Amino acid sequence: MMERISLKVNIAGVELQNPVMPASGTFGMESAEYVDCSKLGAIVPKSFTLKPQQGNPPPRVAETSCGMLNAVGIQNKGLEYFLSVTLPFFEKYGVPVIASVSAYSEEDFMTIIKELNKKKTALIELNVSCPNLKEGGKAFGQSAEETYKIVKAAKSVSEIPLITKLSPNVTDITEIALAAESAGTDAVSLVNTFLGMAIDINTMRPKLGKITGGLSGPAIKPIALRMVWQVAQKVKIPVIGLGGIASGADAIEFILAGATAVQVGTGNFVRPDIMEKIISEIEDYLRKKNISDINQIIGGVIIE
Amino acid sequence: MMERISLKVNIAGVELQNPVMPASGTFGMESAEYVDCSKLGAIVPKSFTLKPQQGNPPPRVAETSCGMLNAVGIQNKGLEYFLSVTLPFFEKYGVPVIASVSAYSEEDFMTIIKELNKKKTALIELNVSCPNLKEGGKAFGQSAEETYKIVKAAKSVSEIPLITKLSPNVTDITEIALAAESAGTDAVSLVNTFLGMAIDINTMRPKLGKITGGLSGPAIKPIALRMVWQVAQKVKIPVIGLGGIASGADAIEFILAGATAVQVGTGNFVRPDIMEKIISEIEDYLRKKNISDINQIIGGVIIE
Amino acid sequence: MRSGVVLANEAIGGGYRHMAVNCPEIAKEVKDGQVVHIKVKDGNEPLLRRPFSVYLYDREAGTVEFVYAVKGAGTKIMAGYEPGDEIDLLGPTGKAYELKEGAKKIAILGRGVGIVSLVSLGVSAAGKGLRVEAILSGKTPDHVFGRKVLESSAAVVHEVYDADGSSDVENVRKILERSRQEGAIDQIFVCGSKRLGKLAYDFSQEHGIDGYISLEERMACGIGVCYVCVCKTTKGYQRVCKDGPVFPLAEVYG
Amino acid sequence: MRSGVVLANEAIGGGYRHMAVNCPEIAKEVKDGQVVHIKVKDGNEPLLRRPFSVYLYDREAGTVEFVYAVKGAGTKIMAGYEPGDEIDLLGPTGKAYELKEGAKKIAILGRGVGIVSLVSLGVSAAGKGLRVEAILSGKTPDHVFGRKVLESSAAVVHEVYDADGSSDVENVRKILERSRQEGAIDQIFVCGSKRLGKLAYDFSQEHGIDGYISLEERMACGIGVCYVCVCKTTKGYQRVCKDGPVFPLAEVYG
Ligand SMILES: Cc1cc2nc3c(=O)[nH]c(=O)nc-3n(C[C@H](O)[C@H](O)[C@H](O)COP(=O)(O)OP(=O)(O)OC[C@H]3O[C@@H](n4cnc5c(N)ncnc54)[C@H](O)[C@@H]3O)c2cc1C
Ligand SMILES: Cc1cc2nc3c(=O)[nH]c(=O)nc-3n(C[C@H](O)[C@H](O)[C@H](O)COP(=O)(O)OP(=O)(O)OC[C@H]3O[C@@H](n4cnc5c(N)ncnc54)[C@H](O)[C@@H]3O)c2cc1C
Ligand SMILES: Cc1cc2nc3c(=O)[nH]c(=O)nc-3n(C[C@H](O)[C@H](O)[C@H](O)COP(=O)(O)O)c2cc1C
Ligand SMILES: Cc1cc2nc3c(=O)[nH]c(=O)nc-3n(C[C@H](O)[C@H](O)[C@H](O)COP(=O)(O)O)c2cc1C
Ligand code: FES
Ligand code: FES
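Keeping their order, the protein sequence lines are chains Z, W, C and D. Note that the working numbering has the first sequence beginning at 1, numbered continuously upward. Note that the working numbering has the second sequence beginning at 305, numbered continuously upward. Note that the working numbering has the third sequence beginning at 609, numbered continuously upward. Note that the working numbering has the fourth sequence beginning at 863, numbered continuously upward.
Since no wrong hints were added, every one of them can be taken at face value.
30 Å max Cα-Cα, derived DSSO-like pairs, lysine-lysine:
(1) C/K647 - D/K903
(2) Z/K277 - C/K703
(3) C/K843 - Z/K77
Now the in silico label distances, taken between C-beta atoms and shown as ranges:
(4) D/A931 - C/D693: 20 to 28 Å
(5) D/G1027 - C/A616: 50 to 58 Å
(6) W/S460 - D/K962: 52 to 60 Å
(7) D/K1094 - W/A316: 36 to 44 Å
(8) D/V932 - Z/K289: 17 to 25 Å
(9) Z/K92 - C/K843: 24 to 32 Å
(10) D/A1046 - C/D693: 58 to 66 Å
(11) D/V867 - W/E395: 36 to 44 Å
(12) Z/R4 - D/A1025: 30 to 38 Å
(13) D/V932 - C/E637: 37 to 45 Å
In short, the hints are calculated from the structure, not lab data. As the structure is a prediction and not an experimental result, all values here were calculated from the model. Beta carbons are placed, not taken as given, at the ideal position from N, Cα and C, and that holds for glycine.
Given the sequences, and given the hints that come with them, work out the whole structure.
Structure, rendered in structure tokens:
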């Protein structure tokens, strides 16, 4: 029997009591009624933009086989609301809060980061990969160059360590990760959603108001895991893995593939308390395997 | 009530009695025991290479949520066996046979096509998108340039119309489709499998002998459909859609998105007779909608 | 998440089923018009919970009742539930119907499954001594339910059908008018039809009364965090699961 | 695809269940050692069929029996089947065990669920008047089954266990040797253990007899078209579903 199992991990100098946090856009103040936020590794509220924005026309969701498409388009109340309401709300739980920032230009990213500097969130996640903003589902994060430029600009003003959230809708995600790393990002998180579509054959119309949307959930897990594994081999910075995680076993797959921490997205919709379950399943796994520190298995997949 | 419903479609001058055919690698001579091959729109046997090859070490399959990973690596008996056994076997069913060709170089593609010219298969599908051949899951079809070169070379010798099968593991699939079109391909088919991975957390080892493999099945349908829709807007040549099709409704989604024909892959594993069912479900749909000719709904998705 | 046990799950005509569930936690908390999200089956297919209005509840007995239409994959699975089966529930969620202080008479207009969310309101209001005028609309008599429960709690019930043309908006308006002439209506509540919503809105404007509608949208989280379930209102896109499902008619039709 | 109806599905200890199914089409065709692929549930999760050896069959009664270990998602669903449930079957598929013309005595070596595929062979052989020496191996007595069926068809049955060390390869070799001394063994068949396979191979080589092993690999199509289920043999990668599951020992260990 093991004395104690340590689930502590470190992302860019920030210690997390365990590697489990929500994926942006799938967790909010309302979640606190269902999950004990003080138990999480970190808290990642929904991405916000400089100004409030209304998002895309409904319908915004379509269920698919083992997954779902969403086309929310980052409906949010803007930076000011984040600073005055969301951040203080979550800070009271005593775990690191990661500000997920979305923007349409380098300038907007910089403006937001300067404001965050004043409040010292633990970390900032740059959402350069939302497929629901630009026309045709394009995102900054689909180009190594654009990613480099944005991260460089963000880094030039940020006093807070940066996580860059990568898009999976690319030929070679390691190239984008390396661009973000060389621009100075302190960590990467991957993946955001895959651009997808569904058609209602009865009405002959797209099921989403915005035609296409982002695919998330268990369906994408194998692709996300492959990407995390590929990126973890190439970069020196910590990798945060996500995409379809809905159990401790899923989380461990990502950790073995090289993720220092994991995010849970769509899983929160099915069970708003799922992250607590995942944390305890990770602990059980380590206990069963007689491993006392989770850091021992990060990137631990055995390749023969 | 409608007199007769026509399911006939035309791919590069070849008339198919209906738009349903198998996806390469998921159908073989053994399938003829379970499905009436003479009922299909076309027959697409497994990709073959110039010489026989053994494929990848097992395990070659891992089930995932609503999908599966495979890393077969095109185990096949080579061109000669195709010409002497497979082709004559399928030709007797009186429906077009599409030769799916895989190769490691332009030269090999050209050598194979020259041999096929002599036998006049109805169509040739160039598999430039198998993720299980090159190291790290790379494929020719992930580069517009390489795709252009291969298609150009193939076209320069082929007396048979060419279909180019595209890889979904790309940033912008329309770019690759346009490259293939400008190199002269007569049609495109998409998608091949998504590169994915799964880890057995008990053994801490990848579930596939080759570490990564191709994801197929219902899980990928929304992404494949989006790609078919995007490509169909951009190219003038016919598009063959596939990825997760397992019902008439799925097939119709792809047709509405712009596919002239569809292929069924993983669905054949679940029910080897599924294509017959899909054909009749398509017919039922048209009858219910009072549409007499399937060509009326190709690309018919209504965007407002 | 709460665990419930199915007590009954029977077809009641019109493709609807009536399901009673034992779940004291929900029965204790739920308010009229609120919603419960059912994970119809373990696993990832179907992935998301399905939202259902609470039809009736009994705080003492600890039971909650639903009426649902069997439509797609999820409700087909639910149709197979048998007494004794455990089910996975999230809720109650969302805004409830609120009776105005001092209201003496209300009208409820429900159509099809939209009737579900209004029945417990009718029962509660009648129980508090209010007069309740209920207009229940459906394709055929089979598509209307709830009459007995409402009548036994002293509501006045009108059923109207497409089959005989009585569900026509003009006819419903007439019923409302007639009722108003018998005594002022203080609040009007509607669910299940855009047309009836518009009628109720016009009626409420004309007579300067309060009116509410309960809306449906596709959902994911059900608790207000994902913003997929929005509907357009005069206040912008609002979340049906959290800001609704009950909205003032003026926000939807204004 | 064939439709079967579950007749019985009972736990038999050791985490195994014994399932009897009515499916005259399969019962009529199936040969010893062949496989049936079960789609455990409609829909896409789990997606693929699960392969199971046929344990026993009765051509007249039209029944087929299976014994399976409850392991993952698919077999957990199967464990919930009740008499009367319909199930979706594909098969029989694959190479069967073949008795050599003129064989007078065979040995069968099965371990764990590997016992399943050998029992009908033992019964068939005994029924044809051959002598059958069956060695059934398992972790504990609970993990061994089939004794009664084999004995009632006149096979000689030895059970060996890990629990008391009797399943040790050396001990199994001794049992085989002793049997051989009582009368030459013409063929040897093995399933469920690499170690027993090796033992059988060595034994078959030493005495110049025929030997076969039935293998397992993960499958997708089950009918020979996808090439995911290959195992390494002296003839290269062969498909377990089509070229096997029964292979000459010499192709696997040679
Ligand atoms: C606030 C609210 C209250 C509801 N109350 C009731 C009720 O009391 N009785 C009843 O029969 N139905 C009710 N519905 C509708 C019910 O949720 C759907 O009929 C049900 O989700 C269909 O699931 P399915 O799997 O059978 O259909 P599918 O079409 O297979 O479902 C696919 C997806 O679409 C969603 N969906 C399908 N139809 C609807 C719909 N009409 N509204 C919202 N989402 C939908 C499903 O939840 C699922 O995510 C309510 C919906 C909402 C939003
Ligand atoms: C030719 C053959 C005959 C078999 N006969 C029997 C039998 O008679 N009795 C019995 O109990 N089991 C038998 N098996 C093993 C049985 O197929 C697996 O135990 C079963 O597929 C596990 O499914 P699951 O969903 O419970 O497990 P999961 O682990 O959830 O399955 C995940 C995937 O892996 C595959 N898989 C898992 N274990 C195995 C395995 N051991 N072999 C092949 N595929 C596997 C599944 O089919 C599925 O595709 C046989 C396997 C083969 C190949
Ligand atoms: C409804 C919804 C809204 C989302 N909103 C955001 C967002 O605002 N910012 C962001 O970076 N990612 C957003 N995402 C993406 C998720 O954070 C996550 O990257 C993705 O869903 C994959 O993880 P999952 O499969 O666990 O859901 C959203 C996802 C969903 C489903
Ligand atoms: C086991 C397996 C083998 C495959 N082999 C080939 C192949 O030889 N050539 C090819 O072009 N595609 C091959 N594919 C890809 C399929 O043809 C198809 O593009 C893919 O599976 C997506 O369709 P699906 O989701 O309907 O299966 C293979 C797929 C599977 C699952
Ligand atoms: S369903 Fe998520 S906000 Fe309403
Ligand atoms: S499972 Fe497809 S060839 Fe064996």
